[in-house]
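There are 4 protein chains.
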Amino acid sequence: MRKAALLLPIAALVLFPQVLASETHRFIPQRFYNTWSFAHPPALRIKPGDRVVTKTIDAGGVDWDGKTVASGPNPQTGPFFIEGAEPDDVLVVTIEKIEPNRGTAYSGSLLAPYAVDPTAIAARVDREGRRATWNIDKAKGVARLAGTDIQPGGIELPLRPMLGCVGVAPARKEAIATSTPGAFGGNMDYAGLNAGVKVMLPVSEPGALLFIGDGHARQGEAEAAGTGLETSMDVEFTVDLIKKKPIGWPRLENDTYVMVLGSARPLLEAFQHATTEMQKWLMADYGFTERGAQTFMGQALEYEIANVVDPNFTVVAKVKKALLPRM
Amino acid sequence: MRKAALLLPIAALVLFPQVLASETHRFIPQRFYNTWSFAHPPALRIKPGDRVVTKTIDAGGVDWDGKTVASGPNPQTGPFFIEGAEPDDVLVVTIEKIEPNRGTAYSGSLLAPYAVDPTAIAARVDREGRRATWNIDKAKGVARLAGTDIQPGGIELPLRPMLGCVGVAPARKEAIATSTPGAFGGNMDYAGLNAGVKVMLPVSEPGALLFIGDGHARQGEAEAAGTGLETSMDVEFTVDLIKKKPIGWPRLENDTYVMVLGSARPLLEAFQHATTEMQKWLMADYGFTERGAQTFMGQALEYEIANVVDPNFTVVAKVKKALLPRM
Amino acid sequence: MRKAALLLPIAALVLFPQVLASETHRFIPQRFYNTWSFAHPPALRIKPGDRVVTKTIDAGGVDWDGKTVASGPNPQTGPFFIEGAEPDDVLVVTIEKIEPNRGTAYSGSLLAPYAVDPTAIAARVDREGRRATWNIDKAKGVARLAGTDIQPGGIELPLRPMLGCVGVAPARKEAIATSTPGAFGGNMDYAGLNAGVKVMLPVSEPGALLFIGDGHARQGEAEAAGTGLETSMDVEFTVDLIKKKPIGWPRLENDTYVMVLGSARPLLEAFQHATTEMQKWLMADYGFTERGAQTFMGQALEYEIANVVDPNFTVVAKVKKALLPRM
Amino acid sequence: MRKAALLLPIAALVLFPQVLASETHRFIPQRFYNTWSFAHPPALRIKPGDRVVTKTIDAGGVDWDGKTVASGPNPQTGPFFIEGAEPDDVLVVTIEKIEPNRGTAYSGSLLAPYAVDPTAIAARVDREGRRATWNIDKAKGVARLAGTDIQPGGIELPLRPMLGCVGVAPARKEAIATSTPGAFGGNMDYAGLNAGVKVMLPVSEPGALLFIGDGHARQGEAEAAGTGLETSMDVEFTVDLIKKKPIGWPRLENDTYVMVLGSARPLLEAFQHATTEMQKWLMADYGFTERGAQTFMGQALEYEIANVVDPNFTVVAKVKKALLPRM
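Listed in order, the protein sequences are those of chains A, B, C and D. First residue of the first sequence? That's 1 in this note's numbering, and the numbers climb one at a time after it. First residue of the second sequence? That's 1 in this note's numbering, and the numbers climb one at a time after it. First residue of the third sequence? That's 1 in this note's numbering, and the numbers climb one at a time after it. First residue of the fourth sequence? That's 1 in this note's numbering, and the numbers climb one at a time after it.
The reader is advised that the hints may include incorrect statements.
The list makes no distinction among identical chains, and a pair is therefore deemed to hold if it is satisfied within one copy or across any two copies.
Stated by the list, open to error - With a Cα cut of at most 25 Å, we get these calculated BS3-like pairs of lysine-lysine:
| no. | residue 1 | residue 2 |
| --- | --- | --- |
| 1 | K321 | K173 |
| 2 | K140 | K321 |
| 3 | K97 | K321 |
| 4 | K243 | K280 |
| 5 | K140 | K320 |
| 6 | K244 | K280 |
| 7 | K97 | K67 |
| 8 | K138 | K320 |
Quick caveat, the hints were computed from the structure, so don't treat them as lab data.
Only chain A is shown next, with the shape it has when bound in the complex (with noise of 0.2 Å):
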């Protein structure tokens, strides 16, 4: 019941009896983590089915009325404990809204390091690191890089809101700090994780315990900047559990595409972990045998490449649901 749950419209939700029972948690953060960790006491304690009105400060530590009141990179919202969750469980996250609540954001404005050839880093004219600031026109819904300094016409760009970090504590007792993603989550920095999205992680600790942080308003693929526009945001998001399933990384899941996140070093390797993740999904889930999710995925495999500036990289690989079998 829970695996067909996966495929049908987020409304249907509301008919599984203990969303019927959910809460809505309306919760300010006053601390912030800057490790996923089991050690970190519960902020919150929440059931499936319940639904969180909360806020993030930004990746500096910056929060909405622009005072700094934690310490980068990425102090994290939560934890929240989730009743019921145990190790092998899947926690899914449906982000239901994400929007920046001030009006500045700031950015790198130069590559990353291991974003363009270590030869245009030796030719670079100005190599001095500068953050650039942008105003944040939600009305208009774009960006708009404050100032011409750094370019005489300037920039404008649509917003598109996302979350740089999604996790839950890591296994093996590890705390791993906040600038890394890995199979718990973390700072994917994936600019595809917007509101509407389904985030399924695996369970390590009793709990789960949750943690979310690091919005950006927009982000390029791969955050080639080492940077989104950072803001703090207003977050909604509901909780769920799928018992039982032990999955290797996480999961996301739009209105068009399922997708797995694989993250670590080198490039390959997390192209490699989202692709076999995805191979044990579409054989477990959608009917596939060992060839056939071979012979498909060589066809209709598309991927994304979410960040290259982190401890790990990650990449995603992307299935349209409209190419896959009707389960």
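Following the hints, complete the assembly by docking chains B, C and D onto the known chain A.
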């Protein structure tokens, strides 16, 4: 004037003088090549503005009649000698048509060695390489896996014809096997190299020596099963020259995107080449400053992974033309 | 004065005041740890100059009596709290003795996933993981493969005891699984980490929190079969501190070489870290200019590949002390 | 008989019939090549057992008289056509002498783009490429940096002459630039390719077409500054053939080691090729089973990183002959 032309719709090219005098050449290849090299004698001499109506055989050397007429991999149609092409020019190949000209294609049925985790290769139950056959239904616009032994319910996917190979004679008098992509183009295996795309290649030898081949009726991103749907094609293209414009890597343009294709191993290096060349392009042709280009790219870049199966892997850096300043 | 000490023979250390007051601690570990973390309570408090006589269990948690006393991988002896150690100091651990203290060791019998071509993995006739058992003959100084089922004529190799793991609590309050090497040392799996080597580690937490474990009676370079000859060890070491000397990566010194161990994936990045840190060392302590260091390194560097099997790979950059200027 | 010969001391070769009839050729090259290719006309025809006494010019095309006689990079002496060499044979080149034949060499003075962290490139104070000049003192057996502008106290290092390039015509009718190493040998830049080493190369074309060049008076492992001490050389070598023995990668043998040189990017792939080929060698010629070879290799392998600066990087997998079973 040339620079501006790149942004004009393809139809506008008929206004240029050399196009008015253009010829259409119908060329049925008799001989095929397995290296890109300055040493092969021109098969046809054409002028900037000319159109070529021709055919390609499949990657294994089988033609539109099902006859094996050459050895694999990727036997090439050509070379076409473009009058007036000199080193440091850009050869512009506008692909007008790519259409399968027989009823079947073949593909691999195992994910390629570097496309999955090595532990997944070790764990594979059935590891014997075998070709899958596909039926091409041009009326319905789909390819269907022949038989049900690989996948009981069958597999059906939309056609999206492309050329795996478009290349010119490489620099430094190298002769490169037609399995390999590089700065000269070659076996880039990019699923987006469809009809309607303009391919810009750096010229290294007089006459450029253009080769095409390796048509796929469809291909997943990254060509993860080692092949697309390999088949023979009817191809039409026109050629043009941009004089004295040294470029480092193949550039593509379609209605929506400007793109750069970097090819190398590891995957990250292909990414770096594509990104570095895109910065040069934005600075040279779109009015960006050094820091402005980088600031823009960080929030505007998209990427595709063209292939992770050839001797060099290929990554596509893309920018939506709608986001670029109007020049 | 400290700096000069690094170049003195080990015997000279007895002249330093704090060494005169040094104690010898005999410590039989009762509890073992599977993460490197600031959060573990000190097992023993020691002073700079002190000697510790202790034991390590094998990578699978089996001790000198053949009893399983902990879980793998790489359960650690420690942590040892070094009085006076503060962040930005260097902890100097001089390994005086590493000696197998039981009669057998075990090893892997298949080359590791990333150690061979993926096509070689696919072509493997016998791909089932199995441990090989080795007999340790200290009298003759060799290890002998037990039985003849794996290799009819047997295999005999000289002993060369080493510690796979020497590490301190990592920076940023991370807790890292003991399979992993990093800037904090950890599971570097370097076959040259033998008795007589001085290991210099960057201190990130008060007291440094030193852990050791994962003894190998011998190991090939790169640890290509995924293990050394895994066994329990008698270990003796002394500790010292260099105050206020921030270093980026573990440094080693023996009679012949100065060495830096960089750990990362991909392999090239481990190489880059080791090389970059060596340049810093040569400039800071051996009188080289920026360009002089590079010119020298180009013609003087040697490398070893410590491991290609751990979550980070480890590369050793080495310079013969005989080639260095006398300081 | 051939196989056993590989393990005999070099002197023993005089007992073989074809050696008794061998000739010595004195060959002063007049023309030099910048690709390895089947297409170049033989400069000299020699027989198995023959000795060649010849010269190589430096990587920049300068000869023993200081005259520029060819273009860089790595202009080659040859090709030598070996009578009787056919595809799938092994060409055995025994290097008898490599001796600098002029008083100076040059080297790079900056670490190469991929040899250090990209952040170290960005932080470099002086990033302008400049050659360093070295004086070669054969009497004392050292090279000395000329002048004191690069390093006030000077730099002096022992000579260790080597050939950067030993190669044959590549497979598939490719013509490969002489900057590149591969299965055919080529620009491997291995500091251990000294007098006394036997180089075994897979033959792909009739006559093999042997080229040599790119002598270094000394070179650090990995060639981290992008060059060795580049100079012209007097070279003597003998050739032999092993018929019908297909090998995948260059193999080397000296008094102490058997070695395989794998070349590719990324560095790990070069490592994988060398390791995979070493397993094949141990199984074919040294009596190892599949699992026995792997068990042995895990504890016996050594590695060197030959270069991280050429279009393909080169890794050397080594096994001490003293550890091998007597065959």
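**Request:** Give the relationship of K140 and K321 under a CA distance limit of 25 Å: within one copy only, between copies only, both, or neither.
**Result:** between (31 Å within a copy, 20 Å between copies)
**Prompt:** Between K140 and K320, at a C-alpha cutoff of 25 Å, which is it: within one copy, between copies, both, or neither?
**Reply:** Between copies only: 19 Å across, 30 Å inside.
**Item:** Intra- versus inter-copy proximity for K280 and K244 (alpha-carbon distance at most 25 Å)
**Value:** within (16 Å within a copy, 44 Å between copies)
**Item:** Identical-chain pair category, K97 with K321, by Cα at 25 Å
**Value:** Result: close within a single copy only, 23 Å intra versus 29 Å inter.
**Item:** Up to 25 Å CA-CA - K67 versus K97, copy category
**Value:** within (23 Å within a copy, 55 Å between copies)
**Message:** At most 25 Å between CA atoms: does that hold for K243 and K280 within a copy, between copies, both, or neither?
**Reply:** Cα proximity of K243 and K280: one copy only (18 Å, versus 47 Å across).
**Request:** Have a look at K138 and K320 and pick one of within, between, both or neither, based on CA distance no larger than 25 Å.
**Result:** Only across copies: K138 and K320 sit 21 Å apart there, 30 Å inside one copy, limit 25 Å.
**Copy assignment of K321 with K173, given that the CA separation must stay at most 25 Å** = neither (36 Å within a copy, 41 Å between copies)
Comparing the model with each earlier hint shows a violation of hint 1 alone; every other hint is respected.
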